[in-house]
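These protein sequences, in sequence, are chains H and A. The first sequence begins at 291 in this note's numbering and counts up by one. The second sequence begins at 137 in this note's numbering and counts up by one.
Be aware that a few hints might be false.
In silico lysine-lysine, DSS-like type, Cα no more than 25 Å apart, as pairs [claimed, not checked]: (1) H/LYS545 with H/LYS483; (2) H/LYS539 with H/LYS319; (3) H/LYS477 with H/LYS545; (4) A/LYS205 with H/LYS302; (5) H/LYS525 with H/LYS546; (6) H/LYS375 with H/LYS311; (7) A/LYS357 with H/LYS411; (8) H/LYS436 with H/LYS375; (9) H/LYS375 with A/LYS380; (10) H/LYS422 with A/LYS230; (11) H/LYS546 with H/LYS477; (12) A/LYS380 with A/LYS392; (13) A/LYS253 with H/LYS483; (14) H/LYS515 with A/LYS230; (15) A/LYS205 with H/LYS335; (16) H/LYS499 with A/LYS333; (17) H/LYS375 with A/LYS340; (18) H/LYS513 with H/LYS330; (19) H/LYS302 with H/LYS354; (20) H/LYS422 with H/LYS302; (21) H/LYS496 with H/LYS477; (22) A/LYS341 with H/LYS302; (23) H/LYS436 with A/LYS381; (24) H/LYS499 with H/LYS525; (25) H/LYS319 with A/LYS230; (26) A/LYS340 with H/LYS411; (27) A/LYS367 with A/LYS380; (28) A/LYS280 with A/LYS253; (29) A/LYS333 with H/LYS311; (30) H/LYS354 with H/LYS335; (31) A/LYS253 with H/LYS476; (32) H/LYS512 with A/LYS253; (33) H/LYS496 with A/LYS341; (34) A/LYS350 with H/LYS307; (35) A/LYS350 with A/LYS360; (36) H/LYS411 with A/LYS341; (37) H/LYS307 with H/LYS411; (38) A/LYS230 with A/LYS210.
By construction, these hints were calculated from the structure, which means they are not laboratory data. As the structure is a computational prediction, the values presented were derived from the model and not from experiment.
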Amino acid sequence: MAARAIWKGELKLGTNKVPVKLYSAVEDKNVRFHILDDTKRNRVKQHMVDAESGEEVEASDIRKGYEIEPGKFVILEEDELESLKPEPSREIEVSEFVPSDEIPQQFYERPYFLGPDGDEKSYFALAEALEKQQREGIAHWVMRNKAYTGALGGVDGYLVLSTLRNAGEVIAADELPDVTGRAPTKKEIELAKHLVSMLEGEFDPKEFKDEYRERVLEFIAKKAKGRAPRLAPVKTKRATTSLDSVLAKSIASLKKGKRAA
Amino acid sequence: MPRKSTTKRRASGGTSEDDGQERGGVRPFWSGTITFGLVSVPVNLFPANQTTRTSLRMLGPEGEPLSRKYYAEKTGRDLENDDMIRGYEIDKGKFVTITDEELERLAPEKTRDIDLKLFVKEDAIPPLYFERGYFLTPAGNSEKAYRLLAEAMKERGDVGLATFVMRGKERPVAIFSDDGILRAETMRFSDEVRSHKQIGLPEKKNVSAATVRKFETLIKKKTKRTFSPDKDEETERLLKLVRKKQNKASNVVQIKDYQRQDEGQPVDLIQVLKRSLAGKR
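One chain only, chain A, in its complex shape:
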């Protein structure tokens, strides 16, 4: 199933990202250090994927703004972010709690960095392993070391591999050099990728060369030289409907003294990345 936008805040642990937005900056998704050999490159990490789906606002029967609130299931008490904690269920209904700080401190020392101990050729990793993309921007005066790594990898045609911990999960990561810009693709562990055997697909059958050729002919006939990604047609249809409706006053509600909710607020990722690459916050 498609995953949610990476820029959406988690239920708990939403700390001071709103402050960052007010200053016109956005906090990096992760900050850390890439190392190769004894060279350290402090970096900030920002999503390279964004959602194109429009988020609709939930409104009451008269168009009054609503907000999403957490409440305790048993007592019904409304809960703010500070009133919630993460719990691991050890027995039915019995939880061990764990804080964000503990999760952060539990990361093995070496996985707090992206320690590139292995480089492979760019096309060596099957697409099955890739999960999500991020751009890395230099942090803490690391421009020179950053450019050095990007240039060396580009000239070798290599991607660097490591595992690291981000937001409470360890993952393998591949670092690409895209024309001088470092891009990280998080990957799945080998036990998170299934094989056809594990799924229980039938044994491979030998098929006649003629049947294979029939498909090969079809494939050749319908091959295009380049790939062009689709547009988000669903969102385009939605926007068309909005434009059609907005001229009629009865379809529109105006909320007085409106306080914008940060929930689902779109962030212009390209602007964020541009600022960060230029060394601004």
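Just chain H, with the same shape it has in the complex:
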């Protein structure tokens, strides 16, 4: 079944305009639970109450405050908060381009497929140009009262727009100290590299199956019939200390496995 567009806009690149529809490129297949109260097994709701008296406070009476010191708040009025919101717009402004591998993977947040909304010629030409040049466009747009930054790229002839995290949302490894403690020996590193190289292969997303989702649903079905099976507790493991002998054993068992196959 065809998906529904969640938003419509127009890519703006210099003087060129490309009308597009936006579709989520991902869907979460989580098992969904509700929160219930433990006695009556009814759904729960949330409300705001006075912290001291426990009395409910109506939504229309709630004010918002920014804490400048512990217990000290600057009150922000609804119209002031409203004025901080970005101007609504249908434009996705693509102001500059960078080589595709320039954007660290950590910044990519949520991907959307763009589909053509009329001008198919420009749409497919832009996707092809981005792929050929191996560039991604840096895009800015406002969707549902929120400003976004994104990376616009071509994937298999189609346009994909991924939202990007901002500078403060990503912690980089170079902000962190090195791991100290005992260092592995040269020989151990060589063995480990050998082990890693034996496990090298191609990325195929279909190799990963969500077995847990199935098990949870199966357990729920059994429980619904009143026959919940007993589950064993989780054990924890210890760190490997005698690294070189374990590495050698790992390599030997992999070689054996390969011969047997």
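Go by the hints and put chain A onto chain H.
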């Protein structure tokens, strides 16, 4: 839509994280073991992404502090964390309950570890698959094995792949070695990523070389060599407004005997990670 901060506690299952904060430490998001071959590396996992959005406090009409409470929809009874349980709706209004412990125990044995059975080159995974980042820190005297894995992966230019269960969901994960530090990126399963066919986008059209060239020329003209991430301008605008208002007394409320709520309390993730990498809690 942007997801909420990973450091925010879930509605139920908030157990003893507050105690951890009082000691100046923060509980890892997940603790487990990375294995490759027969080598085990116990690790703690902490978020590598954090929100920059400021959380505003909800106050009453006179500025009195409010708190968010759960209540039973039918009876109106106020509920504490211990009074709530997870339920799966099997029929309309009919639920099967399941505890956190059951969810944890249901995880297949092998997915409690991050068992790296496959390594691929760093750029082999399309960004579409990545979900969220975490740093891994050594736990239980695993420094040597940790450094070994990080070094071997770095020298090979590889990332390790596995699936594991964290907080009630199984997910594929890619382990990167960033200059000696292991970073985990959770990924989406292939059936969670849509294709242009599934969405129903029109068939690819052949377009004239001239139109493609027009865009290529534009792209080349406007290419920058490096990427620099944006700042959170919305939050900056909010802080500017706060600074403007705070000098006028009528805009400010002071709460006596204020008990800080842990809800939305900012956690300095970098400090947490530094402590954990140094082997401290």
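Hints, one by one, checked against the model:
For the given pair, H/LYS545 sits about 15 Å from H/LYS483 by alpha-carbon distance, which is consistent with the 25 Å threshold. Between the alpha carbons of H/LYS539 and H/LYS319 the distance comes to roughly 39 Å, so the proposed pair goes past 25 Å and is violated. A distance of roughly 19 Å separates the Cα atoms of H/LYS477 and H/LYS545; the hinted pair therefore holds under the 25 Å criterion. As the CA atoms of A/LYS205 and H/LYS302 are separated by approximately 46 Å, the hinted pair breaks the 25 Å bound.
Restraint check for H/LYS525 and H/LYS546: not satisfied, since their Cα atoms lie roughly 29 Å apart, outside the 25 Å limit. Restraint check for H/LYS375 and H/LYS311: satisfied, since their Cα atoms lie roughly 23 Å apart, inside the 25 Å limit. For the hint linking A/LYS357 to H/LYS411, the alpha-carbon distance of about 21 Å falls within 25 Å, and the restraint holds. With a CA separation close to 7 Å, the supplied pair H/LYS436 and H/LYS375 stays within the 25 Å bound.
Distance check on the hinted pair: H/LYS375 and A/LYS380 sit about 17 Å apart at the alpha-carbon level, within 25 Å; holds. A hinted pair counts as satisfied when its Cα atoms are at most 25 Å apart, and H/LYS422 with A/LYS230 does not qualify at roughly 54 Å. Taking the CA atoms of H/LYS546 and H/LYS477, the gap is near 22 Å; set against the 25 Å cutoff, the hint holds. Distance check on the hinted pair: A/LYS380 and A/LYS392 sit about 24 Å apart at the alpha-carbon level, within 25 Å; holds.
Taking the CA atoms of A/LYS253 and H/LYS483, the gap is near 14 Å; set against the 25 Å cutoff, the hint holds. Using a Cα cut-off of 25 Å, the hinted pair H/LYS515 and A/LYS230 holds, with the two alpha carbons roughly 13 Å apart. Among the hinted pairs, A/LYS205 with H/LYS335 is consistent with the structure: their alpha-carbon atoms are about 8 Å apart, no more than 25 Å. Note on H/LYS499 and A/LYS333: the hinted pairing holds, with a Cα-Cα distance of about 22 Å set against a maximum of 25 Å.
A C-alpha spacing of about 38 Å is found between H/LYS375 and A/LYS340, which places the hinted pair above 25 Å, so the restraint is violated. For the proposed pair H/LYS513 and H/LYS330, the alpha carbon gap of about 18 Å is at most 25 Å, so the pair holds. Restraint check for H/LYS302 and H/LYS354: not satisfied, since their Cα atoms lie roughly 37 Å apart, outside the 25 Å limit. Restraint check: the Cα-Cα separation between H/LYS422 and H/LYS302 comes to about 20 Å, which is no more than 25 Å; the hinted pair holds.
Of the pairs offered as hints, the one joining H/LYS496 and H/LYS477 is violated, with about 36 Å between alpha carbons and a cut-off of 25 Å exceeded. Distance restraint check for A/LYS341 and H/LYS302: the Cα-Cα separation of roughly 21 Å lies within the 25 Å cut-off, and the hinted pair is therefore satisfied. A hinted pair counts as satisfied when its Cα atoms are at most 25 Å apart, and H/LYS436 with A/LYS381 qualifies at roughly 24 Å. Taking the CA atoms of H/LYS499 and H/LYS525, the gap is about 23 Å. The hint holds against a cut of 25 Å.
About 21 Å separates the Cα atoms of H/LYS319 and A/LYS230, which keeps this hinted pair within 25 Å; it holds. Straight-line distance between C-alpha atoms of A/LYS340 and H/LYS411 comes to about 10 Å, which keeps the hinted pair within the 25 Å bound. A hinted pair counts as satisfied when its Cα atoms are at most 25 Å apart, and A/LYS367 with A/LYS380 qualifies at roughly 21 Å. Distance hint between A/LYS280 and A/LYS253 is fulfilled; the C-alpha atoms sit about 20 Å from each other, no more than 25 Å.
The straight-line distance between the Cα atoms of A/LYS333 and H/LYS311 is roughly 15 Å, inside the 25 Å bound, and the hint therefore holds. About 21 Å separates the Cα atoms of H/LYS354 and H/LYS335, which keeps this hinted pair within 25 Å; it holds. Restraint check for A/LYS253 and H/LYS476: the C-alpha separation of about 23 Å stays at or below 25 Å, so the hint holds. A distance of roughly 32 Å separates the Cα atoms of H/LYS512 and A/LYS253; the hinted pair therefore is violated under the 25 Å criterion.
Pair hint H/LYS496 plus A/LYS341 does not hold up; C-alpha atoms about 28 Å apart against a cutoff of 25 Å. In summary, the hint linking A/LYS350 to H/LYS307 is supported, as the alpha carbons are separated by about 13 Å, within the 25 Å threshold. Among the hinted pairs, A/LYS350 with A/LYS360 is consistent with the structure: their alpha-carbon atoms are about 18 Å apart, no more than 25 Å. A threshold of 25 Å between alpha carbons decides the hint, and for H/LYS411 with A/LYS341 the separation of about 7 Å falls inside it, so the pair holds.
Restraint check for H/LYS307 and H/LYS411: the C-alpha separation of about 12 Å stays at or below 25 Å, so the hint holds. Only pairs whose Cα atoms come within 25 Å are accepted, and A/LYS230 paired with A/LYS210 is accepted, the gap being roughly 14 Å.
Checked against the numbered hints given earlier, this structure breaks hints 2, 4, 5, 10, 17, 19, 21, 32, 33; the rest are met.
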